[in-house]
Amino acid sequence: MSATTPITPASEPPPALAGRQIRLRLDPLLVLAAVGLVVCSLIAIKGATADDVPGDPHYYLFRQAAFGGLGLLLMWGCSRVDYSRLRELKYVLYGSMIASIVVVYALGAVTKGSKRWIETPFFNVQPSELGKVLLVVSLSAFLVDRMRRPGRQTTARLMLLGLVPAMLVMAQPDLGSALVYVAGALGLLFVAGTPWRHFAALSALGAVAIALTLVALPAAGVNVLKPYQVDRLTSFLHPSDVAGKEGYQQQQSKIAIGSGEKTGRGVAHATQTSLNFLPEHHTDFIFAVVGETYGFAGAALVLSLYALLMWRGLHILTQAKNLFGALIAGGITLMLLFQIFVNVGMTVGIMPITGVPAPLLSYGGSSMLVTFMALGLLQSIAAQAREAGALKTRMAV
Amino acid sequence: MPPPLDERRPTMSPQLARRVAILGGAALVLFAALFFRLWFLEILSGNSYVSQAAQNRVRKIRIEAPRGDIVDRNGRTLVKTRQAAVVQVLPNLLPAAERDLAATYGQRVSAAERVRLAAAAQLRDFDRTRRKGSRKRHRLNAAQTRHRRVLLRGSRKAKAVPLPPIPADPRVRRLFDRLGRILAIRPATIHRRVIQQVAQTPYAAVTVKTDIGPAAFNYLLERQAEFPGIRPEVRYLRSYPYGQLAAQLFGTLGEISPHELKLKRYRGVQPGVRIGKEGLEQAYDRYLRGEDGYYRQVVDALGRACDDPVKCAVRRVKPQQGQQLKLTLDLGLQRAATQAVERAAAASAYGARAGAFVAMDPRNGDVLALGSVPSFDANLFAKPISQETYDRLSSDAAGKPLLDRAIAGVYPTGSTFKPITSVAALESGTITPGTPYTDTGSFKLGPQTFVNAKNAKYGTINIVDALRVSSDVFFYNLGNQLYGQKGQVLQTWARRLGLGRPTGIDLPGEFAGLVPDRQWRDHGFRLYEQCRKKYGLGFQSQAALFKCGGIDRGYSAGDNVNLAVGQGDLQATPLQMATAYSAVENGGKVVTPHLGSEIESGQGSRLQGLKFPSRRTLGISDTTLNTIREGLHQAASAQGGTSADVFKGFPYPVYGKTGTAERGLNPDQSWYVCYVPNPARPIVVAVTIERGGFGAETAAPAARLILAKWFGVNDSAFHAGSDTSR
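In order, the protein sequence lines correspond to chains A and B. So the first sequence is numbered by the working numbering: it starts at 299 and just counts up by one. So the second sequence is numbered by the working numbering: it starts at 35 and just counts up by one.
None of these hints come from the bench; they were simulated from the model. Among these hints, one or two may not hold up.
Claimed, not checked - These stretches of chain A come out as covered by chain B in the derived footprint (C-beta under 8 Å, 3 or more residues): (1) 486 to 494; (2) 549 to 562; (3) 570 to 582; (4) 591 to 601; (5) 626 to 635.
Claimed, not checked - Cβ pair distances, simulated, as ranges: (6) B/GLY59 to A/LEU503: 21 to 31 Å; (7) B/LEU78 to A/VAL401: 42 to 52 Å; (8) A/VAL401 to B/ALA130: 37 to 47 Å; (9) A/LEU515 to B/SER420: 52 to 62 Å; (10) A/VAL401 to B/ARG148: 45 to 55 Å; (11) B/SER82 to A/VAL401: 40 to 50 Å; (12) A/LEU515 to B/GLU256: 58 to 68 Å; (13) A/TYR403 to B/VAL351: 57 to 67 Å; (14) B/ALA137 to A/LEU515: 32 to 42 Å.
Said to hold, decoys possible - Below, a sample of chain A positions facing chain B; criterion: calculated Cβ distance under 10 Å: (15) ILE396; (16) ALA397; (17) ALA605; (18) TRP609; (19) VAL642.
Note that CB positions come from ideal geometry on N, CA and C, so glycine has one too.
Please model the entire structure based on the sequences and the hints provided.
In structure tokens form, the structure reads like this:
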């Protein structure tokens with residue numbers, strides 16, 4: 299550490315940390331929560347998917363285990379990255395996010411009526427998942443740059459930057475990711491201290507937009523949302539109407555969870571899962587599998603691990619050594635919170651069906667790796683905060 | 035050495051701290067919501083979801099229970115159950131082409147029905163606005179009349195939807211062709227049954243053919259894969275070993291209707307279960323029906339049966355056969371009575387074809403034989419019956435064999451009513467047993483003159499003589515005298531003895547008949563007058579007769595005079611007459627006729643006796659009863675008795691009365707009602723032959739044959755009598 303280091307404001311990009319010896323340690327509780335969730339995911343997937351691929355009862359289990367292992371490595375790797383350097387790359391990050399989403403239109407494979415995937419020999423990449431982290435980081439950078447000039451301009455620009463990729467993925471159509479993007483952008487604005495009246499104005503605009511998409515435009519003959527998306531979004535309002543497919547899925551999910559009672563029915567007797575009454579039981583509705591198979595005990599354990607994750611996220615946010623770190627931590631935490639609440643809320647019937655995966659729990663490589671990447675960034679923020687704190691302590695001594 | 039500024043940990047601004055606190059609070063609230071919801075679903079309402087999950091995966095598949103048999107009083111089986119192979123088509127497994135056709139056909143049929151309903155609604159509106167338009171009757175112009183006629187026609191009948199031809203899809207054609215060859219029915223017939231049935235009840239299996247041979251059944255069973263959607267099944271069918279015998283009594287079976295499902299008596303019966311419709315099958319359905327078994331099969335979300343024996347154990351509950359119904363009916367007597375009535379009808383000089391009989395134990399109402407001629411083969415109804423066959427069986431040309439004339443045939447009874455008049459006259463004190471009356475051959479009432487049949491004159495006679503010779507004039511006079519009394523004595527006694535209301539026999543579809551009285555006739559006359567005035571028709575004119583019915587005057591003494599001899603507006607069933615005569619035999623007890631005797635287990639051991647307490651006991655004096663008995667006995671045995679020659683040489687004392695009912699333009703109807711008061715096996719018999727002529731000509735000889743059979747008298751000759759009184 300030399301005295302010639304130029305003094306720069308915290309909001310400016312820091313100088314290279316090259317040559318410096320940083321002992322990075324991982325936040326143990328965050329690791330515990332993540333590993334715990336992956337283990338829960340593996341247990342649930344093992345029980346739920348034993349009959350799904352004929353002749354290969356462990357198909358999904360092994361793949362998910364591989365993703366989990368890779369994810370842990372990725373988290374470790376990311377935690378070693380100096381996140382502050384990412385500020386310089388904001389245009390690259392934002393641009394590559396948009397590009398990857400656009401590439402899906404060109405190369406994407408159609409799954410269940412929507413283009414979300416890019417096929418590779420080993421597994422299919424879902425760029426909209428990667429976009430979640432890229433969006434948070436790049437928007438954080440944009441925000442930090444404009445912190446000098448807070449105001450309507452900043453809020454509007456940031457929302458616009460968030461809405462562009464949201465619209466793009468919504469057209470895939472991937473409504474769930476679009477909502478996650480919007481939630482992330484709003485979370486960043488919130489952490490950055492945007493005035494309440496801006497949020498009031500944004501929610502008013504949002505209400506108008508929703509009214510337009512759901513009521514006015516369809517009446518005028520323009521359908522922004524696919525009919526099934528409208529069904530999904532509205533079916534949870536009248537769950538007893540089992541006639542519709544969406545209502546049916548949610549009803550089956552509630553039956554699965556409810557029938558788990560206190561300690562669950564066990565893998566052999568979890569008929570909702572094994573007889574396929576529960577739709578998408580290894581992906582979107584995996585929480586219902588946990589609820590049916592392991593009952594309130596299992597579901598509460600998973601929720602507790604999520605709560606631990608959130609607590610660590612918010613804690614790291616408060617510890618961050620600079621605003622950029624705080625914003626990234628806040629954006630990631632809020633994005634995860636949104637996904638958790640929407641996914642679990644969907645399975646227990648208090649949120650609409652939006653196709654948002656449960657972080658670290660649902661089967662899926664892209665989601666798993668991207669979530670670990672995000673956790674790695676949190677670790678990096680935590681580590682650097684500790685480093686800075688240690689320095690400060692040393693200095694004080 | 036000062037640390038670089040950017041390395042210094044920035045103290046959080048108060049604003050950020052507040053925001054983080056809000057975020058933490060929000061996260062807390064959201065997690066609390068999820069936890070609460072989980073607790074609610076899993077702990078509070080877990081039970082209900084467990085059962086929902088069970089319902090989800092378990093399909094209950096019904097196994098039909100065979101119905102109980104019906105046996106006669108000696109245990110001979112009259113109705114039994116047999117297994118039959120049927121071929122059903124499961125519409126949801128048929129090729130899509132046929133299903134689509136059925137769906138569009140169904141839509142067209144309901145569209146046609148909607149058009150009909152719309153026309154009906156338009157017609158209603160049209161008529162309403164027309165009425166509203168003005169108080170006065172508004173004359174329609176020609177266009178309006180035409181419009182209304184079109185609407186009327188449209189509202190009556192839905193437009194027939196032409197049946198689509200068999201789809202061109204070779205799979206459908208091949209399937210139906212092959213199936214048709216195997217079952218020996220035309221492919222078009224299969225197609226028609228499928229389309230019509232599916233249009234009616236979309237998901238139900240369609241029975242294409244019942245009772246296929248074992249070869250065809252096994253062929254189909256072994257080649258399930260080649261016949262998608264075709265299911266050979268074993269079902270239970272009723273079988274009637276005695277064919278036509280007592281065919282009207284048993285009734286038929288059919289799937290429970292949506293209306294019946296709501297009835298209390300069918301509580302717990304599942305849709306699709308076959309229940310008794312009509313007859314004994316209906317009356318004793320809850321004993322005969324049995325309990326369906328079922329097996330529970332675990333299925334997955336797509337409805338596929340799960341074959342994992344651990345996860346999806348199949349539970350099976352065996353069906354329980356229904357209980358056996360033992361009747362009071364005597365098969366031998368029933369057969370003899372049927373043959374006797376058939377012989378009587380054949381012996382008639384007026385082209386008789388139809389008749390009915392009742393034989394009953396007068397002490398308790400045990401029906402020993404009850405039947406109607408002509409009859410039909412009950413086995414026709416064991417399988418689905420074609421409309422043509424049904425129409426033929428209901429037609430006048432075939433003599434309406436489906437009609438059970440013993441309980442639903444209502445006729446004037448002729449002189450068999452005279453004992454009832456006698457009871458009324460004696461019990462009301464109008465006459466005494468010895469009161470003489472001079473029968474001059476005619477009875478004058480105002481401008482009308484009533485005469486005996488064939489203008490017979492019987493001189494001075496009392497009531498016993500009058501019953502013996504069946505003097506109409508004597509009873510005309512009684513009818514007139516009873517008319518003068520307060521309170522319609524004759525009608526009251528007729529009703530007390532069971533006429534004019536159902537006897538309460540354990541068969542559905544019994545007719546009440548009619549005892550004409552002042553209220554009934556005056557009411558009818560009021561309606562006649564209203565109708566006549568409305569259309570401006572002349573009083574008692576031909577036009578008024580057609581438009582407004584025949585009750586063209588109020589009640590008068592003449593009606594009572596007619597009723598006293600069982601003519602006029604009186605309508606009674608043979609069963610009612612048998613019940614009334616039972617009361618004469620048993621000392622005034624009005625029994626409840628019944629066919630049911632006991633409920634037995636399948637092995638024939640008694641489970642439950644059926645009780646039919648008599649409806650009422652009439653306090654008829656012994657003098658009255660003995661007087662009437664004497665008259666009836668003399669009528670069947672003494673010199674000049676109306677049926678004395680019929681029963682000449684019959685070793686048992688018969689108490690009987692002939693009757694000859696006039697039925698407008700038709701030839702007379704022959705009646706005979708009698709009883710034999712035997713301490714061991716008393717019996718009352720009522721026989722009626724439509725177009726049978728005089729009572730002694732056909733009905734009385736038939737009754738003698740029935741009695742002969744009952745008492746084991748070895749005399750099968752048809753003893754036609756010569757008496758020509760009414």
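Q. How about A/ILE396: closest beta carbon in chain B under 10 Å, or not?
A. Hint on A/ILE396: violated, closest Cβ of chain B at ~28 Å, above 10 Å.
Q) Within the stretch 626 to 635 of chain A, is the number of residues with a Cβ closer than 8 Å to a Cβ of chain B three or more? A) Satisfied; 4 residues make the cut.
Q. The stretch 591 to 601 of chain A covered by chain B? Criterion: 3 or more residues, Cβ-Cβ distance below 8 Å.
A. holds (count 5)
Q: Go ahead and decide if the range 21 to 31 Å is satisfied by the Cβ distance of B/GLY59 to A/LEU503.
A: holds (25 Å)
Q | Hint status (Cβ of A/VAL642 to nearest Cβ of chain B, threshold 10 Å) | A | holds (5 Å)
Q: Count the residues of the stretch 486 to 494 of chain A whose CB lies closer than 8 Å to any CB of chain B, then report whether that count reaches three.
A: holds (count 3)
Q) Against chain B, is A/ALA397 within 10 Å by beta-carbon distance? A) This interface hint is violated because 32 Å lies over the 10 Å limit.
Q. With a cut-off of 10 Å, does the beta carbon of A/TRP609 approach a beta carbon of chain B closely enough for the hint to hold?
A. A/TRP609 check passes; min Cβ-Cβ to chain B is 8 Å, inside 10 Å.
Q: Using the Cβ atoms, figure out if A/TYR403 sits within 57 to 67 Å of B/VAL351.
A: Between A/TYR403 and B/VAL351, where Cβ atoms are some 58 Å apart, the hint holds.
Q: Identify whether the interface hint at A/ALA605 stands, where standing means a beta carbon of chain B within less than 10 Å of its own.
A: With a closest approach of 5 Å, the A/ALA605 hint holds.
Q. Is the hinted range of 32 to 42 Å satisfied by the C-beta distance from B/ALA137 to A/LEU515?
A. holds (34 Å)
Q. Residue count check for the stretch 570 to 582 of chain A against chain B: does it reach three with CB-CB under 8 Å?
A. n = 5 at 8 Å, threshold three: holds.
The structure does not agree with the numbered hints 15 and 16 stated previously, though it agrees with the rest.
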